[in-house]
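Number of protein chains: 4
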Amino acid sequence: MPSRERSQPIRQLLAGVKGFRARYYERRPDSMKQLVAEGQHPEILMIGCSDSRVDPALLTQSEPGELFMVRNVANLVPPYQPDGSYHGTSAAIEYAVRVLGVSEIIVMGHSQCGGIQGLIRLRSGEAVQDDFVSPWVSIAGSALDPYIDQATSHVKDSEGSDHWPNVVERAVVRTSVDNLMTFPFVRERVEQRTLNLHGWWFDLGSGELWGLDTTTKMFALME
Amino acid sequence: MPSRERSQPIRQLLAGVKGFRARYYERRPDSMKQLVAEGQHPEILMIGCSDSRVDPALLTQSEPGELFMVRNVANLVPPYQPDGSYHGTSAAIEYAVRVLGVSEIIVMGHSQCGGIQGLIRLRSGEAVQDDFVSPWVSIAGSALDPYIDQATSHVKDSEGSDHWPNVVERAVVRTSVDNLMTFPFVRERVEQRTLNLHGWWFDLGSGELWGLDTTTKMFALME
Amino acid sequence: MPSRERSQPIRQLLAGVKGFRARYYERRPDSMKQLVAEGQHPEILMIGCSDSRVDPALLTQSEPGELFMVRNVANLVPPYQPDGSYHGTSAAIEYAVRVLGVSEIIVMGHSQCGGIQGLIRLRSGEAVQDDFVSPWVSIAGSALDPYIDQATSHVKDSEGSDHWPNVVERAVVRTSVDNLMTFPFVRERVEQRTLNLHGWWFDLGSGELWGLDTTTKMFALME
Amino acid sequence: MPSRERSQPIRQLLAGVKGFRARYYERRPDSMKQLVAEGQHPEILMIGCSDSRVDPALLTQSEPGELFMVRNVANLVPPYQPDGSYHGTSAAIEYAVRVLGVSEIIVMGHSQCGGIQGLIRLRSGEAVQDDFVSPWVSIAGSALDPYIDQATSHVKDSEGSDHWPNVVERAVVRTSVDNLMTFPFVRERVEQRTLNLHGWWFDLGSGELWGLDTTTKMFALME
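Residue numbers (the numbering used here), protein chains in the order written: chain C, 4 to 226; chain S, 4 to 226; chain W, 4 to 226; chain X, 4 to 226.
It does not matter which identical chain is meant; a pair holds if it fits inside one copy or across any two.
The calculated SDA-like cross-link candidates involving lysine to any residue, where the alpha carbons are at most 20 Å apart (straight line), are: (1) K36 <-> E211; (2) K36 <-> G208; (3) K220 <-> W167; (4) K220 <-> E194; (5) K220 <-> R9; (6) K36 <-> P12; (7) K220 <-> D148; (8) K36 <-> Q11; (9) K36 <-> L207; (10) K36 <-> R14; (11) K36 <-> D206; (12) K220 <-> V180; (13) K220 <-> V170; (14) K36 <-> S209; (15) K36 <-> G210; (16) K220 <-> P149; (17) K36 <-> G117.
By construction, these hints were calculated from the structure, which means they are not laboratory data. This one's a predicted model, so the numbers in the text were calculated from it and none came from an experiment.
Using the sequences and the hints, build the whole thing.
Now the structure itself:
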């Protein structure tokens, strides 16, 4: 596309790439040169949400090479289902664990998640017309079971409160971490203590990060 | 998990979150406050690779709120397949286009892509034992058809050359852009000129960005 | 100088400028455009040390336009001496206060300050051969008076301890703040409560920032 | 000062320091640890203006440890004058050259410099009432001699044009570089080719950087 036809957002992204190149290829070329010569060796697989406000690399002030990343709607991990279909998230988990040998997997949820709001509407019986979002977020449908009566009433009664969505967002992180354990190659490494699983939940309003205690299954504020 | 048991990479990520909070919640709180109060309004959906070296937010020097993001192995878009199964990438595309109303979709490929190397080995007949990576990258299998004899010989004959992988990486970006057009809600907006599709390929070795000319189907260096 | 003759450090600085231009003139041009059109309106005058490790803009994560800055050896403020000679630091203070109308002046000292080490050697009677450093740091000579016997013995006896230098570094910040009050146009505004003076001391080893309580004249850790 | 009394700009600076500490002491502690253990070894002395819009560390995307820095009004270097008075800029030059052994000195001027505007008013005969700024900028008074008739008419006639100030700003950079050569310890090293002098001028409006050709004494756009 000729330059004059580029939209403003695209032109600004290209300026960003120019700045990246100045910084990582000319100003301080060592780390990128090494990443090119030796390949990537990230220690962490991060499974985050597609939401533009919670970019995990920005949120953790990471540099190129540090985080192998999956981002999908609502940071979901489907259960292990090796049926030959297209499973993007599962493929990334397999690549990170079996090829790259990461030692940490972090599921990063967050408050005010649009995907979770879709899930709540779905479970409250609201009519939904979409092709992919509803089937996708239904991965976490069972996460709502313990709360479902409450859910229905909450969603109908207390519009504007964000307490209930936060409960669901955290439950979904828990489900994703549980689903990770259904992958044999994950479970094996967790049991051998060469792989750690983490569930995080970022509160967009306050900037606080909460972590799942994998023993008690409760979230606590991380220092 | 008590603090003393945290691994070094995890402690460093938490320090990064602390720095993010200092910067975006205390030092310059305006943009994040606005993103929380008004919700996200990104203009761009970026579909990038999970590779840790090509984080699209870093590569384009973006800020929170700018890029709605999918990241999967080899930046693949599956064809439109509304069968009720779990389609993470398709769900994100649907959310970005139908709910958020983005005006640009960028498929961002890159050189030295491990997923593409897997695809090449797969198509060259190499025995592969995995559950998800091979089925996933086979989305782009047809991208290799025009080159397939060449592929076999290349992969067997010219170890060390990276020319052939680059050809495939670019062909895969082309396939992903083509597959985007199989989504009715994408095609409709492209035809109405309210949505633009872009195929980019980042050369990790040189830092150069190449762009797909959607008319000629050829890649050219972007300024 | 033709490009091929530029040294490596210079080439890297130029790459940095290229990155700055990409970021502040193309990627996010709004703030720089405004600073050009409307001129500078910093609220803060920072008087810092020339030491390369304690750049105040980096240390406070500032953006262009925020800090009017003096940097000299040992962050010294000379006493008010309007004798027509060249007084660079006094000129900057005058410009910041009378022309720009800043509301805060911060004197930023730090640990492991080479200028202060020179002052200590000077006061301990060591023979010194320089043209400018010794006369310059002698501005703060009286800061050592309360400690001077102690100084001599300390410097001779306790090689390796960094306690004594820190005492002096803080005393020098105190002296600089006191000297600020000898400028009539500073004193006037402080008494009218339109200008605040601050003395800070940054501990390079720990990253902690200490602040001078202008009432008790003691330094305390800042949150 | 108790926390509740801190002004907004001060609270934001403190948040910046918190972010710096998170980044340089916890997230990526290696470089700062080394700078503390081994001391500073900058290769460059930068002599820049106090103007808040042209912070040299930001402008060159530098990291702690890279630039030994002087900042004063109008980036002036006084002539060598070892008379025992307080010469802050000369002391920093001496420390950088004789103690630290820098290999490059850069004088960094810029457009829209308030100090230079003061100098122009002064030389055009305008009555000026200040204690320090006029004497200080008069260091560069002789820089205007070749232009002085022109100056008077320009300043009186062509309000709004910024051409003439730019001519003066560049002449002042030239004077500062010339004055550097009056310092015996500078001249000696330049003649031995162990020290390089540079004159730069940054155009705030366009973001372009111009460099002084020390042979022709003319400024040219740097790539």
